[in-house]
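Asks: Protein chains in written order, with our numbering: chain H, 1 to 249; chain R, 1001 to 1379.
What the hints contain is simulated information worked out from the structure, not anything from laboratory work.
One or more of the hints may lead you astray.
If we take Cβ atoms under 8 Å as the criterion, some of the chain H residues that face chain R in the derived model are [claimed, not checked]:
(1) Met125
(2) Arg126
(3) Gln127
(4) Asn156
(5) Leu160
(6) Gly195
(7) Ile218
By construction, the Cβ of each residue, glycine as well, lies at the ideal position given by its N, Cα and C atoms.
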Amino acid sequence: MPINGNADPSQLTKYAPTMSSLDTEALTLPDVKVLQVIYEIDDSVMAELIPPALHPTIPPTMHVIGMRADDGPLGAFTLAVVRVGCRAAVRPRGLPTRAVCTEGEAAEALRDRWGFPITVGEPIMRQRYDRQSIQVDDGNVTVLSAQLIDPVPIGNGDLLYTAGMHVARVERDGETKPWLVQVDPEFEVSRADRGQAQIDAFDNGFWDAPELRPVYPIVASYTTANVTLPAIRYICDPEQPAITGTVAL
Amino acid sequence: MKFGIFYEISVPRPWENDIEHTVYHRCLEQVRLADELGFHSVWAVEHHFLEEYSHCSAPELFLTACAMQTKQIRVGHGIVVCVPQFNHPIRAAERAAVLDILSDGRLEFGTGRSATWTELGGMGANPDETKETWDEYTRTIPQMWTNERYGYEGRAFQMPTRAVLPKPYQKPHPPMWVAVSSPGTEIDAAERGMGSLGLTFGGFAEQEEKVDRYRRIIRDCEPAGAFVNERVATVNFLYCHPDNETGIKTGSRLTGSFGYLAAQLLPVREVHPTRSYPNPGLLAASRQQAAQNPGEGASAPEGVCIGNPDRLIEEIKKWESCGVDQINFLLNALETIPQEEVLESLRLFGEEVMPHFQDDQPATTSLSRELAATAAAGD
């Protein structure tokens, strides 16, 4: 059967939040700019990056996601997320290792209501005629620089975004422990471009994935979309295969 | 209604103790039995890098072995990947012709273009271009087979005039098919006068709609080859057991394992947005199948050929009423079902199900030779 992850869920991300409630209401962020850069990663450690509930994709992948909201219910903010591509049983998913957000209030909402492993920082998204980019600096060090190069328009319906499985400590039946919280945003895309993917800088230590190494570019996309962060419908025991360990709320 | 068997050649981990050798030789044993039982054809996919799901990267070799060990059963490419990074069209034409000669004219030539980033990325192919290259292959390969010499300048490839040799044994050439794994591809098959080789596990209503569309469009086709191959084949699972409940339970393990494996691959659509792949095709269908049927189900999904002979006869008659000409069966995945049970299932199907379905079409070899004779007489 397919390879399972073997990461210890309790050690998986030191930025995993504690969610006091899973009773989250959906929230729509209008006209968000979304940059996604997808790479194949070093396969020798693919199982170490995800918990036993999940399978790595073949080949294993990572997603660098930048989002910039210029307005909306959480105010203006820029967000950078690094995820490992995976499967929960037969479903395509991404497991965030860390996220960085410019605004404390937005970061708090994303952490508390949707389980993002998030801290406040200085991600910057830039748009030029021939590229879109996301950059994150930690002090004087650039810990992430990823780009879409030579954008060409594609159909709004050509893109698929995969749902996230966010590691968060959740109290259930009197016990607080790590769970995988399924976050499947809806993207209502009004404009979409596709281009070459390029990662110029990636500090896997900063992104709390010490073994994660991007090795081969797949593609990058850049969209304008209304993004609806959903109500939480499912959580999954990270220790069990998702096909048996998923719980509907 | 004709029946075929269909191979992905799924090999479970760990890949040690000669497991690949064992699986390949089990497949050959199944093919020999299918030949004895009167199955029409054996089909083999071409896949690369698809761990556990399919270790069938050189189907022309497997099919040659099948042909050498059998007498009647036809051998089908299901499919040849028509993308230059996988197969140069001249080599595809040459290999197919040799296989047709060695099999005494038993080749069915399926064409397709791959649907996974796992494969296209691995081979360095651009997903945007595969539909174009496939189209060029389907139009040029028959020309290589039927013209003494042939030259071509296109987008996928160019060649100065050469004799592409040998020529196929079947005249004018082997029947050609298109892999139909996503909605609408049956139109591509019909427009080119090629057989529709279904590779997804859909229900009756979906299939009936596809067949209707295919039959309507093929009437006005511009054949890619020298003749029209108007046939509709679909793929299915097979596990036949005297006890219906046992058949469904064991068969569900097969369908669940297959779908679960397919879902681990990376469809182009998921990571590389392009109009060339408007949906995830086979993998989405498999994923849906596995989600509905994770391996221990007590009931069989609509149209799936698992259960006792009576149930299978009933399901196949429904496929027949949808206009399907042929069903190709997948017999195992991950060696979920022990070999002896696979063989027993095949025997039971051959003895108790196949006699209910009359095969009244002439063998394709003689049909294509008759067509060639008719064409020659008209010159």
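Asks: With reference to the structure, classify each hint as holding or not holding.
Replies: Right, here's what the structure says about each hint:
1. With a cut of 8 Å, the hint placing H/Met125 at the interface with chain R is violated, because the nearest CB-to-CB distance is about 19 Å.
2. Checking H/Arg126 against chain R by beta carbon gives a least distance of about 22 Å; that is not within 8 Å, so the hint is violated.
3. Contact between H/Gln127 and chain R, as hinted, is not supported at the beta carbon level, the nearest pair being about 19 Å apart and thus beyond 8 Å.
4. Contact between H/Asn156 and chain R, as hinted, is not supported at the beta carbon level, the nearest pair being about 10 Å apart and thus beyond 8 Å.
5. For H/Leu160, the interface hint holds, since its Cβ comes within 8 Å of a Cβ in chain R; the closest pair sits about 6 Å apart.
6. Of the supplied interface hints, the one on H/Gly195 is violated, with its beta-carbon coming no nearer than about 11 Å to a beta-carbon of chain R, more than 8 Å.
7. The criterion of a C-beta within 8 Å of any C-beta in chain R is met by H/Ile218, whose closest approach is roughly 5 Å, and the hint holds.
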